[in-house]
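Colleague: Got chain A; can you put chain B on it based on the hints?
There are 2 protein chains.
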Amino acid sequence: MREIVVGAAQMGPIQRDEPREAAVARMVGLLERAAREGCGLVVYPELALTTFFPRWTMTDDAEIDFWMEREMPGAATRPLFKRARALGVAISFGYGELTPEGRRFNTSILTDRAARIVGKYRKIHLPGHVEHDAARAFQHLEKRYFEPGDLGFPVWRSLGGVMGMLICNDRRWPEAWRVLGLQGVEMVLLGYNTPATNSQRAAEGPEERLFHHRLSIQAGAYQNATWAVAVAKAGVEDGHPLIGGTAIVHPDGQIVAEAAGEGDELIIHPCDLDATVFGKRTIFDFARHRRPEHYRMIVERTGAVPPSGADEHSHPAPEAVGTK
Amino acid sequence: MREIVVGAAQMGPIQRDEPREAAVARMVGLLERAAREGCGLVVYPELALTTFFPRWTMTDDAEIDFWMEREMPGAATRPLFKRARALGVAISFGYGELTPEGRRFNTSILTDRAARIVGKYRKIHLPGHVEHDAARAFQHLEKRYFEPGDLGFPVWRSLGGVMGMLICNDRRWPEAWRVLGLQGVEMVLLGYNTPATNSQRAAEGPEERLFHHRLSIQAGAYQNATWAVAVAKAGVEDGHPLIGGTAIVHPDGQIVAEAAGEGDELIIHPCDLDATVFGKRTIFDFARHRRPEHYRMIVERTGAVPPSGADEHSHPAPEAVGTK
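Chains as they are written, first to last, in the working numbering: chain A, 1 to 324; chain B, 1 to 324.
A portion of the hints provided could be inaccurate.
Said to hold, decoys possible - Footprint (simulated), chain A over chain B, 3 or more residues, beta carbon under 8 Å:
1) 123-137
2) 143-157
3) 180-186
4) 218-230
5) 249-261
6) 272-286
7) 293-307
What the hints assert, rightly or not - Non-contacting residues of chain A with respect to chain B, defined by C-beta distances greater than 10 Å in every case (computed):
8) Glu21
9) Met58
10) Thr59
11) Ala62
12) Ala76
13) Gly88
14) Gly102
15) Gly253
16) Ala260
17) Asp285
18) Tyr295
19) Glu300
20) Thr302
Hint data in this document are derived by calculation from the structure and do not stem from the laboratory. Built from N, CA and C at the ideal position, the CB exists for glycine as well.
Excised from the complex, chain A in its bound form:
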């Protein structure tokens, strides 16, 4: 038994004019409750300090950089680190990162129980678009404001296990989960801000969005025999609804704890990292079952390339076996 009591700290909306200090005060409140309940790790959402600003079209660099953190911790976040260290609780949360070179990333960090940052991940699968798109019901400009992450999908030995991070849209990409799985990941921490409707298909509402969210995290956990802790910023930000659905997923793919609402809400589960062992030794023992010689297209091709030729052209040609 290698148990981590995990608190998944869903956050309700953060309006555009709310200061970071207000968000951090809410995070500290959730941390205090988690500590009282015995949590050793508290996981917060993607972009936990501000509204989901990529819904707004901005052109001015100073205006964009307002949403970024130049240092971590910085003035606004230091109270959270200080309290986490005092309580001996590890934390993980997301924020917009501005590097000294002026590069911007959608970033998450993981600390140890002394509030030292032990891991950093920069989101690789940025959804959305670069230019304002009037055809959409609303904007999703992550590809405008961030570069794709340049740190790969690292894992860290921390809290007695092998920890990894993904961010939001990464959860829909099995490649991301698999690269973590191939490093023996035992717990994936994943924050998200997911609009409650599809900006390009109005009929796709919160129920289907939650279905896709759950499907992705449950499949990723099951197929890599890992815990997953997926944490929403939820609710209505300046008129734009985000789904809730914060969940802790067992390595067998079952959701063992799930948020009920769309506000600040703490869900807790004692996660035994040894529950990952059965899957990793049997059906998902990669060493025995994977066949990378047949996976090469995954790295040799980016976009889909359908076969050319007319119908019933076989690709590649099978043996010539017809009916007699």
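Modeller: Chain B only, in chain A's frame:
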């Protein structure tokens, strides 16, 4: 609208002493019903002609080869091909294949509406084990009787769309779905024989097995924006129960038709291949969103390799950013 009316032809059990001719007669019966209902394609299970023989430990080559087909169609299967051609219905089913060189594969074929074989797939992810394992509640000797497939994951332009095949355990491996997705697959045909309990964990019964089955096919369909047609051989074969759960999955991941029982049962759905377009052009537009430079581990490593080092050793080292 590019519609294929698909019949997913679940088959109930085939006992060990039942001849192929009896199985084929049942397949023809399902075909006749499907044709009356307007189906253009009927999909049958993995190893559709015989019992799931890998549960039996055999050492004699002749005894093993009894379960294999030396030609397709052969004497037993020719009536099925003949009836399919007469009805103008394409078919897909699985069987044990013995090549002229004496190699054995777990194989599926796809025909066109003239019953000509246009595609062949040999199962790549063989589950189970090579040697008799007394520690298991029952045997699963696919790795003993078959070689891993050597044809990759091909697709075929057929029936107006891009068709692919997977077999049984392949459905749990996102790499398999992704290689099909990278070739623009629009419909994945997938037969299975899945024991209703886990031979290595008695507590894992049919409900959890069906959950993992659905999770895998729904995630594979959604994450590649493809239809999936998953067809069981179900029910109790010589005392060994197999799950049902035959299902047709929409490219948005939702199950649109599902078998109710564990016997011979036909479920039908009109599948519009154009329903794959939205996903392929938006959230799963691979060309815009995939980042293969970060996926290399998927082909460079077979088994999982956890990071070495003590707890809280960072891998790779992040920038040195601590609390101040």
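Colleague: So, against the hints stated earlier in the document, which numbers end up violated here?
Modeller: 15, 17, 18, 19, 20
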